[in-house]
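Novice: Taken in order, these protein sequences are the chains called B and C.
For the first sequence, position 643 matches number 643 in the working numbering, and the numbering has no gaps at all.
For the second sequence, position 157 matches number 801 in the working numbering, and the numbering has no gaps at all.
In short, the hints are calculated from the structure, not lab data.
Take the hints with a grain of salt, since some may be wrong.
[What the hints assert, rightly or not] Just some of the chain B residues that point at chain C, by a computed CB distance under 7 Å:
| id | residue |
| --- | --- |
| 1 | 260 |
| 2 | 354 |
| 3 | 381 |
| 4 | 383 |
| 5 | 447 |
| 6 | 450 |
| 7 | 457 |
| 8 | 458 |
| 9 | 543 |
[Stated by the list, open to error] Calculated cross-link-like contacts (lysine-lysine; reagent style DSS-like; alpha-carbon spacing at most 25 Å):
| id | chain 1 | residue 1 | chain 2 | residue 2 |
| --- | --- | --- | --- | --- |
| 10 | B | 459 | C | 799 |
| 11 | C | 889 | C | 876 |
| 12 | B | 384 | C | 741 |
| 13 | B | 276 | B | 384 |
| 14 | B | 342 | B | 408 |
| 15 | C | 844 | B | 459 |
| 16 | B | 342 | C | 741 |
| 17 | C | 741 | B | 408 |
| 18 | B | 276 | B | 557 |
| 19 | B | 459 | B | 254 |
| 20 | C | 741 | C | 706 |
| 21 | C | 889 | C | 844 |
| 22 | C | 844 | C | 876 |
C-beta: ideal position from N, C-alpha, C; glycine also.
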Amino acid sequence: MIQGSEIEAMTQPTLEPKRASSGAVALTTSLLVFAVAVAQARPEPPQASPSPQAAAPASKAAPAPPAIRFQEVAERAGVRFVQTPRRFRDRHKAQVLEMFTDGGASVAVGDYDGDGRDDLFIVDSDEGKLHHLMHNDGVRDGVPVFSEVTASAGVGGGNDAHSIVADALWLDYDNDGRLDLYLGRFGTPVLFRNLGPDAKGVWRFEEVSQRVGLTVFGNTIGSIAFDADNDGFLDLMLANYFQPVNLLDLKTTKVLPNNLDYATNGGGVTFYRNVKLPDGSRGFVDETKRAGLSAHTGWSLDIGHADLDNDGDQDVYVAGDYGTDRLFLNQGVDASGRVWFKDATEDAMGGLDTRKGMNVDMGDYDRDGWLDIYVTNITDEYMKECNFLWHNNGVGKDGRLTFTNLSKETGTCNTGWGWAAKFADFDNDGWEDLFAVDGLRSGGKGNYIPLLLENTIIKPGVDFSDLDSYPDIGDMTWSGYQKKRLFRNLGDGTFKEMAEAAGVANLSDGRGVGVGDFNNDGRLDFYEGNARQFSQLYLNASETAGHWLELRLQGTKANRNAIGARVYVRAGGETWLREINGGNAYSSQSTFRLHFGLGAIDRIEEVEIRWPGGSTEILKARDGKPPLPIDAMSTIVEGKGVQR
Amino acid sequence: MRIMLNTSKVSTPSTTAGSRSGRILALALSVVMSVPSLASAAADAQALHKQGLAALAARDWKVAVDTLEAATAAAPDDIVIGTDYRQAVIGAAAAAKVLDPYNRCVAFFEKLVVDHPQSANAFLNLGFANVDKIPAEGAITQVLLANRALTQFGKALELEPSWLGYYSRGHAYLFWPPIFGRVEAGIADLEQAVAISKKKGDRQAYYARAWAALGDGFWRLENIDRAREIWKQGLSAYPDDPELKARAGRAERAELDAYLQAHYDTTVRVATSLNEIFGDRLAPAPSK
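Given the sequences, and given the hints that come with them, work out the whole structure.
Specialist: Next comes the structure, spelled out in structure tokens:
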């Protein structure tokens with residue numbers, strides 16, 4: 001095998017759809033030109049210097065603090081928990097089943113009692129284990145402090161002998177102004193309706209799963225809530241990993257992926273449409289098939305939504321383990337009344353992939369007005385898949401939406417054995433950074449991979465779908481002890497990894513990441529859920545963070561949580577774009593608040609809100625007064641403007 | 645019946661006089677037994693090869709694949725014709741962005757080795773056909789293909805130990821991460837390849853590749869001193885070899901690592917045209 005070949009010079013040598021075509025190269029070049037132009041105009045954080053022109057030279061005596069710095073405070077905050085994946089005690093191939101169900105360290109951020117502070121719901125998965133509803137009591141000694149209210153709220157259940165809780169979401173499904181709580185399970189879903197405070201002021205929930213129609217069995221590992229049909233009520237879309245067999249009562253051992261690159265025997269997705277029930281209350285009906293989603297039978301591991309083609313409705317990206325992510329573009333409601341999606345994967349992404357999709361988050365990292373997609377895959381010594389950073393090229397003149405994978409070019413390719421990753425502007429410099437967790441199983445000194453290779457992967461005639469084909473793992477390590485990654489967005493189309501300097505390079509087996517401003521100081525913090533290990537709460541302590549703006553939106557015609565609402569903030573000749581999402585990123589739900597880092601800009605000129613359903617509000621400066629104060633949180637109610 | 649293509653370009657990688665004479669005897673016998681059909685097949689193969697190369701040069705992938713496949717079928721032990729068929733397949737798959745040509749190629753060689761179980765070069769080409777498909781496949785399928793390639797190279801070596809066989813298998817082993825314990829086997833193969841080249845003593849420029857790869861094996865095992873020693877020895881025999889110079893010239897470890905990591909990047913296609921051994925079949929013929 002000798003390097004260099006005339007044939008290769010004549011051809012594009014790969015079927016992988018992610019390589020840049022000449023068009024994409026041109027696009028990349030133009031992006032870089034754009035990015036350089038933006039970078040030249042990029043404001044510095046105000047504390048560091050009042051303007052880019054007047055930037056003070058760094059002191060020689062003391063090194064400049066890192067642009068982003070966090071302090072780990074989980075124990076002080078009262079939210080240090082160990083999540084336990086389900087143990088398949090006394091069952092055939094229990095260790096193998098445990099390997100394939102090793103998710104579930106989920107976190108959902110939401111202000112369930114409307115007191116202006118984001119609370120945490122932390123999932124556990126083993127049989128009989130209770131989850132944790134942690135009420136944010138406010139800041140004490142510089143740290144947000146949480147108290148456990150699980151028992152009084154009645155939301156600890158769900159891990160029974162037949163079901164495994166793997167994900168959680170806050171959503172106001174009935175638009176009554178109170179956040180309800182959904183649990184995604186290997187089983188049937190659970191919905192706890194928020195009843196509000198009782199006479200003693202204790203917040204209560206009631207379980208309404210059956211009553212609202214959440215009755216379809218699935219092995220759900222990822223979930224999102226969004227208004228697919230723009231009718232003002234939140235629908236649910238679930239990412240199902242295994243096909244709908246009960247892993248806790250198996251009739252066959254052949255339940256694993258039938259192919260490790262092109263698996264087609266997974267659980268696909270389930271689409272629950274929010275409808276009016278006969279008694280006038282709200283509930284759900286399974287419209288997966290009607291919505292055109294039933295043909296997808298991959299091993300869906302995560303799911304995310306956003307308006308990717310800027311047409312006013314929410315599109316969906318499904319990350320598939322063992323190959324074939326899917327992009328479903330929302331086609332709206334047709335004459336029959338159904339909302340339906342078109343599988344645009346091959347057209348928009350250039351083909352079907354074979355990677356191990358683990359996470360979906362959306363963000364406009366390069367501020368070109370189109371939301372991009374970040375998907376983590378698996379990159380390790382033995383498998384170098386590289387992540388996807390799908391740059392959204394927008395809709396071309398031919399009407400086609402296209403993406404180009406720029407993870408290598410942006411420096412965001414490698415996050416080990418990836419799990420959740422979130423876009424967030426941690427230093428408030430106006431550019432969304434990325435935090436990604438990784439690591440599958442940090443165990444003993446033995447390495448499971450050579451064992452797996454010899455006994456399964458290259459064994460002649462092996463049936464990958466058979467539990468019996470996989471050796472037990474014992475206490476061996478498999479892609480464990482991996483450092484977390486924090487990619488700081490440099491504003492020039494690239495990111496710089498700085499987890500170590502920022503103090504977040506822990507070696508835990510990360511799963512979910514919930515971002516929120518837990519101490520309401522205008523800097524984004526995050527909670528990291530880990531499998532079998534203690535969780536972390538990272539409080540943002542960045543000294544040089546810039547100005548900021550936080551918005552809490554409330555729909556009136558639109559869904560109450562305003563999920564899917566898009567906001568453009570304009571100031572100093574620049575525009576920032578954000579959308580509210582209902583659970584993007586693996587095992588994670590982040591704050592509903594929209595957070596804008598503004599860098600040195602200290603005055604907002606315009607805020608444009610595009611509510612789900614199509615109505616638009618524009619808040620402008622009047623009489624020299626900006627529409628919103630900076631370094632503050634504002635609430636905007638649809639049709640009623642700013643609530644002060 | 646085993647058919648050997650009688651062409652000066654086909655310098656099969658036989659290494660032993662016995663093997664070579666045995667093949668000639670077999671050929672002679674087969675010629676005696678079946679002169680018309682052999683001559684016809686050889687002529688057919690040559691004609692088809694020429695025709696296929698023209699299509700390849702013109703990037704007429706369909707004609708190139710069809711014709712070169714027919715040529716390979718007519719001359720199963722011809723390493724060059726089979727190689728050119730594989731190059732046409734790579735071009736066709738890349739142009740159409742589909743896997744079908746690779747699948748067809750692998751299936752073709754799988755049948756060829758069943759029909760011609762004594763054809764070492766058919767096994768080599770089957771190994772290379774698996775290697776050719778690797779960059780177009782997913783991570784796990786890549787592992788399966790890489791493993792199958794090793795098996796086929798091994799079968800070729802059982803039939804006929806050769807420099808090309810040992811070098812190909814040894815180099816292929818080096819792409820496996822050290823945790824799988826296969827690098828050592830690669831080093832052993834590459835030592836065999838170096839030994840064969842020393843024995844032959846004809847100083848073919850491509851022999852330097854085995855030296856370079858042998859050093860790479862020790863680099864893979866973190867034995868950098870031994871790696872550098874081997875590259876130095878290789879350079880003393882082949883002072884102009886660019887690959888050896890590239891390695892020996894990188895005194896800084898980080899620089900060396902970056903260079904070799906890029907070389908062993910499994911997502912990058914490994915060229916299997918064998919041009920450096922057999923010459924560039926697509927190059928214009930020298931004017932007389």
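Novice: Now tell me, hint by hint, if it's right for this structure.
Specialist: Checked hints:
Annotation: interface hint on residue 260/B holds; nearest CB of chain C at approximately 4 Å, less than 7 Å. This hint holds: residue 354/B has a C-beta 3 Å from the nearest C-beta of chain C, less than the 7 Å allowed. The beta carbon of residue 381/B is positioned within 7 Å of a beta carbon in chain C (closest approach about 5 Å), and the interface hint is therefore held. Checking residue 383/B against chain C: minimum C-beta separation of about 5 Å stays under 7 Å; hint holds.
Annotation: residue 447/B was flagged as interfacial toward chain C, and the flag holds, the nearest CB pair being 6 Å apart, inside 7 Å. A hinted interface residue such as residue 450/B counts as satisfied when its beta carbon comes closer than 7 Å to some beta carbon of chain C; here the least separation is about 6 Å, so the hint holds. Among the interface hints, the one on residue 457/B holds; its C-beta lies about 6 Å from the nearest C-beta in chain C, closer than the 7 Å criterion. Because the closest C-beta pair between residue 458/B and chain C is about 4 Å apart, less than 7 Å, the hint holds.
For residue 543/B, the suggested interface contact is broken, since its CB lies about 32 Å from the closest CB of chain C, more than 7 Å. Pair hint residue 459/B plus residue 799/C holds up; C-alpha atoms about 18 Å apart against a cutoff of 25 Å. For the hint pairing residue 889/C with residue 876/C, the CA-to-CA distance comes to about 9 Å; that is within 25 Å, so the pair holds. A distance of roughly 21 Å separates the Cα atoms of residue 384/B and residue 741/C; the hinted pair therefore holds under the 25 Å criterion.
Our distance criterion of 25 Å between C-alpha atoms is broken by residue 276/B and residue 384/B, whose separation comes to about 48 Å. Of the supplied pair hints, the one linking residue 342/B and residue 408/B is violated, its CA atoms being roughly 29 Å apart against a limit of 25 Å. At roughly 38 Å between alpha-carbon atoms, residue 844/C and residue 459/B are farther apart than 25 Å, so this suggested pair is violated. Distance restraint check for residue 342/B and residue 741/C: the Cα-Cα separation of roughly 23 Å lies within the 25 Å cut-off, and the hinted pair is therefore satisfied.
Proposed proximity of residue 741/C and residue 408/B is supported: the alpha carbons are some 22 Å apart, at most 25 Å. In summary, the hint linking residue 276/B to residue 557/B is supported, as the alpha carbons are separated by about 16 Å, within the 25 Å threshold. As the CA atoms of residue 459/B and residue 254/B are separated by approximately 17 Å, the hinted pair is consistent with the 25 Å bound. Our distance criterion of 25 Å between C-alpha atoms is met by residue 741/C and residue 706/C, whose separation comes to about 14 Å.
Taking the CA atoms of residue 889/C and residue 844/C, the gap is near 23 Å; set against the 25 Å cutoff, the hint holds. Simply put, residue 844/C and residue 876/C have alpha-carbon atoms about 20 Å apart, close enough for the 25 Å limit, and the pair holds.
Consistency note: the structure conflicts with the earlier hints numbered 9, 13, 14 and 15.
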